[in-house]
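Chains as they are written, first to last, in our numbering: chain A, 1 to 74; chain B, 1 to 269; chain C, 1 to 382.
It is worth saying that the hints were derived from the structure and are not from the lab. Hints are not guaranteed to be accurate.
Restricting the straight-line Cα-Cα distance to at most 30 Å, the calculated cross-link-like pairs of lysine-lysine (DSS-like) are [claimed, not checked]:
#, chain 1, residue 1, chain 2, residue 2
1, A, 5, B, 221
2, A, 29, A, 7
3, A, 38, B, 176
4, B, 226, A, 7
5, B, 4, C, 226
6, C, 371, B, 265
7, A, 51, B, 265
8, B, 183, A, 5
9, C, 303, C, 226
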Amino acid sequence: MARQKLKEIVINREWCKGCGICVHFCPTKVLELDFDEKSVAIRPEDCICCKMCELRCPDLAIEVLTYEGEDNEK
Amino acid sequence: MAVKDYLRQRFFPHMWCPGCGHGTILNSLLRAIEELGLEKNKIVMTSGIGCSSRISGYVDFHSLHTMHGRALACATGVKLSRPHLNVIVPMGDGDALAIGGNHFIHAARRNIDITAIVMNNRIYGMTGGQFSPLSGTNIKATTAPYKTIDQEFDVVQLAIAAGATFVARSTAFHAKESTDVLKKAIQHKGFSVVEILSQCPTHYGRKNKEGDAVSMLELHKTNTAKLGSKALEKNPGLTARGIFVDLEKPEYCAEYDKIIAFAMKEKVS
Amino acid sequence: MKNKIRFVQGNEACVEGAMYAGIDFFAGYPITPSTEIMEHLASRLPESGGRFIQMEDEISSMCAVIGASLTGRKSMTATSGPGFSLKQEAIGYACMAEIPCVIANVQRGGPSTGNPTHVSQGDVNQARWGTHGDHSIIALTASNHQDVFQITVDAFNMAETYRTPVILLLDEAVGHMREKLIIPEAGELDVVSRLRTSLGRDVDYHPYLPREDGRLPMSDFGGEHKFNVTGLFHDMWGFPSNNPKVIRGLLRHLTDKIENNIQSITRYKEHYLDDAEYIMVSYGSSARSAIHLAKERRARGEKMGVLELQSIWPFPAGLVREKCADAQAVLVVEMNMGQVFAQVKAAVKKPSRVFLGNRIDGKLITPTDIKTYFRVLQGRGV
Numbered sequence: 001m002a003r004q005k006l007k008e009i010v011i012n013r014e015w016c017k018g019c020g021i022c023v024h025f026c027p028t029k030v031l032e033l034d035f036d037e038k039s040v041a042i043r044p045e046d047c048i049c050c051k052m053c054e055l056r057c058p059d060l061a062i063e064v065l066t067y068e069g070e071d072n073e074k
Numbered sequence: 001m002a003v004k005d006y007l008r009q010r011f012f013p014h015m016w017c018p019g020c021g022h023g024t025i026l027n028s029l030l031r032a033i034e035e036l037g038l039e040k041n042k043i044v045m046t047s048g049i050g051c052s053s054r055i056s057g058y059v060d061f062h063s064l065h066t067m068h069g070r071a072l073a074c075a076t077g078v079k080l081s082r083p084h085l086n087v088i089v090p091m092g093d094g095d096a097l098a099i100g101g102n103h104f105i106h107a108a109r110r111n112i113d114i115t116a117i118v119m120n121n122r123i124y125g126m127t128g129g130q131f132s133p134l135s136g137t138n139i140k141a142t143t144a145p146y147k148t149i150d151q152e153f154d155v156v157q158l159a160i161a162a163g164a165t166f167v168a169r170s171t172a173f174h175a176k177e178s179t180d181v182l183k184k185a186i187q188h189k190g191f192s193v194v195e196i197l198s199q200c201p202t203h204y205g206r207k208n209k210e211g212d213a214v215s216m217l218e219l220h221k222t223n224t225a226k227l228g229s230k231a232l233e234k235n236p237g238l239t240a241r242g243i244f245v246d247l248e249k250p251e252y253c254a255e256y257d258k259i260i261a262f263a264m265k266e267k268v269s
Numbered sequence: 001m002k003n004k005i006r007f008v009q010g011n012e013a014c015v016e017g018a019m020y021a022g023i024d025f026f027a028g029y030p031i032t033p034s035t036e037i038m039e040h041l042a043s044r045l046p047e048s049g050g051r052f053i054q055m056e057d058e059i060s061s062m063c064a065v066i067g068a069s070l071t072g073r074k075s076m077t078a079t080s081g082p083g084f085s086l087k088q089e090a091i092g093y094a095c096m097a098e099i100p101c102v103i104a105n106v107q108r109g110g111p112s113t114g115n116p117t118h119v120s121q122g123d124v125n126q127a128r129w130g131t132h133g134d135h136s137i138i139a140l141t142a143s144n145h146q147d148v149f150q151i152t153v154d155a156f157n158m159a160e161t162y163r164t165p166v167i168l169l170l171d172e173a174v175g176h177m178r179e180k181l182i183i184p185e186a187g188e189l190d191v192v193s194r195l196r197t198s199l200g201r202d203v204d205y206h207p208y209l210p211r212e213d214g215r216l217p218m219s220d221f222g223g224e225h226k227f228n229v230t231g232l233f234h235d236m237w238g239f240p241s242n243n244p245k246v247i248r249g250l251l252r253h254l255t256d257k258i259e260n261n262i263q264s265i266t267r268y269k270e271h272y273l274d275d276a277e278y279i280m281v282s283y284g285s286s287a288r289s290a291i292h293l294a295k296e297r298r299a300r301g302e303k304m305g306v307l308e309l310q311s312i313w314p315f316p317a318g319l320v321r322e323k324c325a326d327a328q329a330v331l332v333v334e335m336n337m338g339q340v341f342a343q344v345k346a347a348v349k350k351p352s353r354v355f356l357g358n359r360i361d362g363k364l365i366t367p368t369d370i371k372t373y374f375r376v377l378q379g380r381g382v
């Protein structure tokens, strides 16, 4: 199956309450809380598109937009 | 459709506290509904009172926000009236098993095709942190300043004993698993119960030194294990997750349809 | 035609009235002396495709009725004193969320378990004030089986017309007594069906926005329009609101929609009332004894009459004031400690002429009992 590649991590700053769940559990530490206590993707290039931040976000504030990469791509 | 399309977005951000597990459960539930491709007009979301019950206002389905503990009783009227509708009933632990305990066991006994979700954060959050019938012993709550002496229910065992034909447990940490379990529960023909352990950092976490939402989620990870897993075998003290019961048994509305068919025939002859 | 004349209990007359009105959902829990209503509906409803469920308690019965009504079914439950107490929370919910339904309370003695197999009319005030908070309510009653039938049809009609729970305040004596009932042909009595919105799928539907005539068109759960139903104060879409204007507006609406229609809601009967000097105000089974006595006294030339109330809430104060204006004395005949008596006293021009003729021992008040009251108030000794 084709691997998912990251297009964009969309974070709704209006909805985010800064609980830090996405930051803590991200396997590649893509996300951090900024000075406003809102989640931001500071290292999107490390994202492996597991989408666990999106699935676990209690504020339904994160969307990980992806596209289908080519097969066997490194 | 995206998950957002199932929300009444004008009410967001929602009223739950930062890090509340209930939001994650809403998230998982909407994904289950999306993946099943259910029509919005064919879902009636019925809830009671409490933090959990606010979920019905946030979803773009037919929504029925009822009285404390009475969600399943109201849902029974909806389902028996229109069996083709998907009736989903999210409840809190106090809502489902204290004030609504009688309705819970009897809905299970009838095996009426309703999906009951127990969002178990082991505390009454809306009223400010009183212990619930799922808190268990030795926890602190505003009504247990010297710690609780009340034993807790095991929702899974209770539901099985009462006759529920689909019984499962997951946690807010295991969001993908929750979605999978919820999908199966909604598809199941009969009364299904899904207990999802949730976290209340505001009232439970703070009082019981379990820290913030993140550390409470870590506990969901470390204190639970999948049914049939080695981890559970080695450490039976862990809380088991997974599907405990998945049975086929006569469903209430289908059985009542037979009564209607019989009574109508009797009347004619 | 022969099936149309029946010899039945009052509870069965209520069932026949409900069937005539188009009931298609009943949820209940057994309780004396109302149980026959649920027993008969258990067999009658499925015959016509309706649905019946025996719930785990009185609370859930009322809740199931609410759920069913929201899907578009004409729904009813039946109970008696203790069960009526348990249902109050959900009756309040039905008032707040404006859910049409009918609750029959076949009254027995109370408080508490009281006197399950004996008659009483002690729930008059509970019907009005049983649930918490301000609201208005419709409560109807009847004294014979033909009227029980008619008033049950009226109860369903009013529930639909005003989008409100309607209380049928029957009593043990009428409920269990057997007498003749003639079932009207279809079409003989008016039956009000559910008023549904004509708005299409993509039009913004307001479940709580009254039309010009005050009625609120509904949309069934499962239908085109997805809306919210809640027991919280809510806006015209059904979503919770703390806005003081919204709260005040809704509370006024819940009261006004009933109180302002008191003329259309009021049901009563006059017996020998025209030139009556002594008027009995009564209702339910008590009224039977009052009517009996009035008939007897009229034969002797005494000017005695009965105003039989068939709607108790909203209380028809204007009617009572008008009918009792020229009476030398008004005797309120009921089987409680003066619940309607207090209303009559407050309604008439000369409250000092209003007396209570009651019986509270679980026995049906008799014409002889009423005679005794009259002897006392006419100064003729006991």
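Evaluated hints:
1. As the CA atoms of residue 5 of chain A and residue 221 of chain B are separated by approximately 28 Å, the hinted pair is consistent with the 30 Å bound.
2. Between residue 29 of chain A and residue 7 of chain A the CA atoms are separated by roughly 17 Å; this keeps the pair inside 30 Å, and the hint holds.
3. A C-alpha spacing of about 24 Å is found between residue 38 of chain A and residue 176 of chain B, which places the hinted pair at or below 30 Å, so the restraint holds.
4. With a C-alpha separation of about 34 Å, the suggested pairing of residue 226 of chain B with residue 7 of chain A is violated against the 30 Å cut-off.
5. Annotation: proposed proximity of residue 4 of chain B to residue 226 of chain C holds, straight-line Cα distance about 16 Å (limit 30 Å).
6. The suggested pairing of residue 371 of chain C with residue 265 of chain B is violated, with an alpha-carbon distance near 54 Å, which exceeds 30 Å.
7. For a cut-off of 30 Å, the pair hint linking residue 51 of chain A to residue 265 of chain B is broken: about 56 Å separates their Cα positions.
8. Under the criterion of a C-alpha separation no larger than 30 Å, the hint pairing residue 183 of chain B with residue 5 of chain A is consistent with the structure, at around 26 Å.
9. Restraint check for residue 303 of chain C and residue 226 of chain C: the C-alpha separation of about 60 Å exceeds 30 Å, so the hint is violated.
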